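The primary structure of each chain is shown beneath.
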Amino acid sequence: MLLTPALALFAFFVLLPICIAAYYGLFNWSGYGTLSDFVGLHNYRLVLDDPVFRESVLHNVIIAVLSLLLQLPLSISLALLLNRRLRGGSLLRMAVFAPYVLSEATTAVLWLLMLQPGGFVDQLFKAVGLGHEVKLWLATPSIVLYTLFVVVTWKYIGFGIILLLAGLQGIPVELREAAAIDGACAWQVTRRITLPLLGPTIRIWMFLSIIGSLQLFDIVWIMTIGGPANASSTMVTYMIENGFRSLEFGYGSAVAVILFIISFVFALLYQRFALRRDTAGALTGAVG
Amino acid sequence: MTAAVSGRVGQSGLGGLAGRRRIRPTVPLGYLVALVILAITLVPIAFVFLGGFRTNAQINSAPTGLPHPWVIANYKTILTTASFWQNLAASALIAVVATGLAVGLGSMAAFALSRYEFRLRETWFIVFAIGLLFPANVASLPIYLLLRHINLLDNPFGVALPEAAFSLPFTIIILRPFMRAIPGELQDAAVVDGASRLTFFVRVLLPLSRPALMTVSVLAFVTSWNAYLLPLLVFTTPSHFTLPLGVATFQSTYSQNTAAIFAYTALSMLPALTFFVLAQRRIVGGLSGLAGSVKG
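Chains as they are written, first to last, in my numbering: chain A, 1 to 288; chain B, 1 to 296.
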């Protein structure tokens, strides 16, 4: 049967691990010896009671909210701008998208170099007369999360723009021309015609953006390891720090299960309520 | 869904995005903003490439200066060390295996799910579709524990197999509507000519699905190529490290040798940027297509 190999691979490496984690999460287990110290839901309680875990969840939420509040309007404005015919427009589209193809790891190292004390970013601040605003961008607890957000934005803004541009291509020019002929000004055309028709694309972008924020890891781990003093920890860095590095595999498994539930519940709710009015599709029709 | 997805996969891409009729004349403001965007995206990348041509002494005395004189020693050193090439080879091997498996098995599954009626067909499809909602990073620790069990730690397949499994959902979701849209008459004709199911699949369906196959291949390849967390957990032997892991490790190991870090980072960006220039239509088309198919 043609379906079997794919199903086997999928079941083994996607579904089985989460079942294993659900089981291991019930034990106090350092990865060596047998699973004998059954503790029931104790690990789960410890995770949920840990202030550092709650803080990490909060950091993920902050990144997700900032993305929606700042990246979305920025992406839409830039997409509208790039949708016009500019000389060198295709080059510009390519340039905007370039950071997206770099790996998170490379992006992180690139920005570590940019953000070195006295380095490029600091010099830039000095050059425009903001020298007194220079901070230790990655070592100041009150700032580090926002520094990382800027890096994340640099990397992912191009993806949003390209997605929205593709959405804009799907809007018939005639609609906007008709509105313009009827006397609508450019702002009205954008506000009343373009943006509503762009709705499905925007909702998809929001979905991908939030899922991305929830599993943020690579950039944070390489740039700060979640520090200083957990000021930039995320849910996944928490899992790796407290489950993998400290060899608390039972505890780490419980964290994995909790993260799985958080992302899954979010995804289903979003599918059900936000994507619902868009054409019934693979997930909406099936799960919702 | 069918038309939406195949349409997007087929024609999106930067080329398709260009050539748009304007509604009103462009304004100088547009060019100003464009220039700023260009600077913000490209200056950091250029900064790293240029930094690789400087010495540590140059970097220390003027962190943002241009190379003076230009030195190629950093690049030369890295290109002649084994570790860079090992990282590159490991990344390539893993990405090829993961892509081959995901697209090979995924196209077979999409074929079955798109062109045959059988019990629980939609259920199986939903099982795969749900995988799309499961972030790979969240699964990393459980996968690590599984790999420990089956002795696949510190083994390239320990990374390639899970990556292939996690690429199956979008592969199947993009391929299924594409294959479904291929007219049934073709299949009838092939059967009349005496072709078996498998012959039809290999000789007719796969060649016709080529654009969609390219798209999912590029997506699977890039996903694997950029992965960091799973390789980080799985590999302990430096010669097995993939490029992202290699870059991060190099950065933390040689933190005193900034010039070398610049060069290593620049070289590690080169394959991705080259690949992007060559395959940008597929990458962009694939991402928009994927978004389109999640939407339905």
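No lab work stands behind these hints: they were computed from the structure. Heads up, a few of these hints could be off.
[Stated by the list, open to error] On the chain A side, residues computed to face chain B include the following (Cβ under 10 Å):
hint, residue
1, Ile20
2, Arg45
3, Leu48
4, Pro51
5, Leu82
6, Ala139
7, Pro141
8, Leu145
9, Tyr146
10, Val236
11, Phe244
12, Gly252
[Unchecked claim] Not everything, but these chain B residues come out facing chain A in the computed CB check (under 8 Å):
hint, residue
13, Gly30
14, Leu32
15, Thr64
16, Phe128
17, Pro142
18, Leu146
This structure is a prediction, so every number in the text was calculated from the model and none was measured. Beta carbons are placed, not taken as given, at the ideal position from N, Cα and C, and that holds for glycine.
Violated constraints from the hint list, given by number and in increasing order: Hints 2, 3, 4, 6, 7, 8, 9 and 14 not satisfied by this model.
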